[in-house]
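Residue numbers (the numbering used here), protein chains in the order written: chain Y, 1 to 359; chain R, 1 to 369.
Heads up, a few of these hints could be off.
[Claimed, not checked] If the Cβ cut is set under 8 Å, some of the chain Y residues that face chain R in the computed set are:
no.: 1; residue: PRO9
no.: 2; residue: ASP11
no.: 3; residue: LYS60
no.: 4; residue: ALA82
no.: 5; residue: ARG124
no.: 6; residue: MET212
[To be verified] Stretch-level coverage of chain Y by chain R, calculated; a stretch enters the list once three of its residues show a Cβ under 8 Å from a Cβ in chain R:
no.: 7; region: 161-173
no.: 8; region: 199-209
no.: 9; region: 224-235
no.: 10; region: 262-270
[Said to hold, decoys possible] Over 10 Å on every C-beta distance to chain Y, these chain R residues come out as not near it, computed from the model:
no.: 11; residue: TYR11
no.: 12; residue: ALA56
no.: 13; residue: ALA67
no.: 14; residue: CYS77
no.: 15; residue: ILE96
no.: 16; residue: ALA122
no.: 17; residue: ARG168
no.: 18; residue: GLY188
These are computed hints drawn from the structure, not numbers from a lab.
We put the CB at the ideal spot given by N, CA and C, even for glycine.
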Amino acid sequence: MHPTLLIGPSDWQPERMPKAEFLRRIEALWQSCPDASRALVYGSPRHHAELAYLTNFVPKLEPAVALLSRSDEPRLFVGGGANMLGAARPLTWMENLAPLKELESARTSACILIGGGYMSTMLRRSVGDAPDVTSQLWTQMRCKSSCELGAIRESCAILGAAMEAVAQAKQSGASVTAAILAGERAANDRGAQDVRTLFSANGGRTLQPFGMLIERTVDPLQLYIAVRQLNYWAEGFALRSERPCPAAKKADALLHAVLPLIKAGSSTSAAAKLLTSERAPYQCHPVTTGALANSFGLALEETRCTDIGTTFEAGEVYSLKIGVTDGAYQHAITSAMIALREDGSDILWKSESPIIRAK
Amino acid sequence: MNFQERLADIYQRMRDEQLDILIGLHDGAHFIETPNPVMVMSGFKSLGAAAVLLRAEGSSEMVVTPAWDAERAAECCPETHIFGGVDVVETLLKLIDGRSLVSIGLAGLRFLPSEIAYRITAAFPQARPADAIVFDAARIKTGVEIANAREATRIAERGYQHLLHIARPGISEDELAVTLKWHMKTLGAEDNFLMLCAGSHNRAVQPSTGRRLQAGDIILAEITPSYGGQLAQICRTVVIGPASDELARKYALVVHAMNQGIAAAVPGVAMAEVCRAINSVLEAEGYGEFCHPPHIRRRGHGLGFGSVRPGDVALDNATVLEPDMVFMVHPNQYLPQTGYLLCGEPVVMTAQEAEPLTEQKAALASVPS
């Protein structure tokens, strides 16, 4: 569940994401929009992938708008008043920061708009008829640079540590929420920028966010963990059980069957067809319905912008999700994070075997 | 009041306004400042965008996204017909036949992102704003919400004790905030608006950064856990190392102002009087300039996530205080000699007064340097 305030290390780290990386991205934006001389880029605490992509800035509390220009110094307008600028500065490579209320006097014509759909109605109206090129930017965002791949690898490493911590806690007899919290702590201890979890208390039939402490243990434990580092996300589904779980075995087998099909230029429908044909006697789990895979990076939830197309593409990172259910008592979801190259693929993280023995 | 009584109140207000359908909308971005009509009308805290429909004849329906969250919604709201969908607007439109023939009220529209708001407005061009119907009925908390606020306060106080235990030079603001948030989650807080920052002279309380704490820093912490979807908040100030006499004096002044504000909060008076009582203390000491923007915006606020009534503790808030209202009283004052200082307590209005929910009220604390 999206938190009310983003809490976690989000300071810009120039040694990991150099300013040149962001300038390259902005230059690519200008090349894709040759008629634009300025760009307004909006981000809210909930939706800010585009803003983070171009400025590194993550609006933790209130929205922000970047004003990019071909000729002038870029400016970042931060919500919350002048007193919030001090906390905003470390989060971006941009140096010219101002309160959001000063945006009105700064705007000019010939702007393109990015993130307009996330804006409040009032702010969107004030921008006028600026063409929204958000989806165009996402085309550019899908192909990951080496810096981005490095960040995602780090997120995946933390994800692995968090999954392992949950498994160990469960193995030691921890309650379901205690096990989840152990995973979150492991991620925090490794400096994660953010960690989100979902879990199942009903054998994997549904998932729920942390609501209140649940003192009982559950087996099998279906879990979902997403970890963010250097603004880039990794996510994973895993099932942990002390008993043989046929659904998990099936999901695992499907994952291994479909992974070889995930390569640059291959058909996404071929992968989907294999899953459909090999899934029997199970059906698709509701959580993974219509979501074999999606492009992954700066956003957890921008599904329309991250839907896979007709082919898998080199340079992209995908989150591949396989879920099965018998509609009764057997349910399982497993997943992998995979980066595609022209000449192959790298599995950045993959769910491990579900069976753990109780201590 | 309980949830059913509040819902009955909403239905009656619908009938008074001759509405056939009342739709509450929320985008799933739960924010301390933003009221959530879906939570008020259903008690459900959604993962994604959601909508609740109340029909004048007494039935209720809810649209949730993602679709697979429908079962959790059904467990929360057994009397409500739940529809899971990929898109909240598309699913909502399927539930309403003859949209132009019925009288529809909308609550929560102005807080939605434009992408959703524009589609709702286009689909229901004749709809009327109905926020007042929902949030007037939710101006006072239910018994469960008050109990949850008490538990959230208990968690906040324990979180504060943990802060005193671990805050030391060298730890970064982010590390401290992450650790505290996790600690309070282990106590049952499903969310936390934890604003924490530190410096030798703070201009305001801000979200944490990677700045590392130093000896002499003043740590500002708005510790705001949520328990069962109900926020509570305590505002605290901690100095790393011994506190100067001046800091101690100024903090005592701000605490005195807070106490005067709490004392002024009695049923039947306007919220503005609470603000006035706080301001009077500081104005008397020559800080009148600092009692207004840009130094201070308000002296407290309501606590959601559902309803944020009775609103801000501000001079322009004419809301009359009633029993079972829950809100923050926090002077949170910038003083030129010390910088920004935080002190604040959550209070619940009783029949006679404002009762702080905390066991220990704000006092300037010091941790070893």
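Check on ALA56(R) being off the interface with chain Y, judged by Cβ distance over 10 Å: 27 Å, holds
Is the interface hint for MET212(Y) satisfied, with its Cβ closer than 8 Å to some Cβ of chain R? Cβ of MET212(Y) sits 6 Å from chain R, so the hint holds.
Hold the hint about PRO9(Y) up to the distance rule: shortest CB distance to chain R must be less than 8 Å. 4 Å, holds
8 Å C-beta criterion, at least three residues: is the region 199-209 of chain Y covered by chain R: holds (count 5)
Far enough from chain Y: is every CB of that chain over 10 Å from the CB of GLY188(R)? 5 Å, violated
Are all C-beta atoms of chain Y more than 10 Å from that of ARG168(R)? 17 Å, holds
Under a C-beta cut-off of less than 8 Å, do 3 or more residues of the region 161-173 of chain Y approach chain R closely enough to confirm the stated coverage? violated (count 0)
Say whether it holds or is violated: ILE96(R) keeps its Cβ farther than 10 Å from all Cβ of chain Y. Holds: least Cβ distance 21 Å, greater than 10 Å.
For the region 224-235 of chain Y, does the count of residues with a C-beta closer than 8 Å to a C-beta of chain R reach 3? violated (count 0)
Beyond 10 Å from every chain Y Cβ: check whether that's true for ALA122(R). The claim holds: ALA122(R) sits with its nearest Cβ about 12 Å from chain Y, beyond 10 Å.
Have a go at the ARG124(Y) hint: is there a Cβ in chain R nearer than 8 Å to its own Cβ? 4 Å, holds
For ALA67(R), which was marked as not at the interface, is the minimum beta-carbon distance to chain Y over 10 Å? Label violated. Min Cβ-Cβ 7 Å, cutoff 10 Å.
Violated hints for the displayed structure, listed by number in ascending order: 7, 9, 10, 13 and 18.
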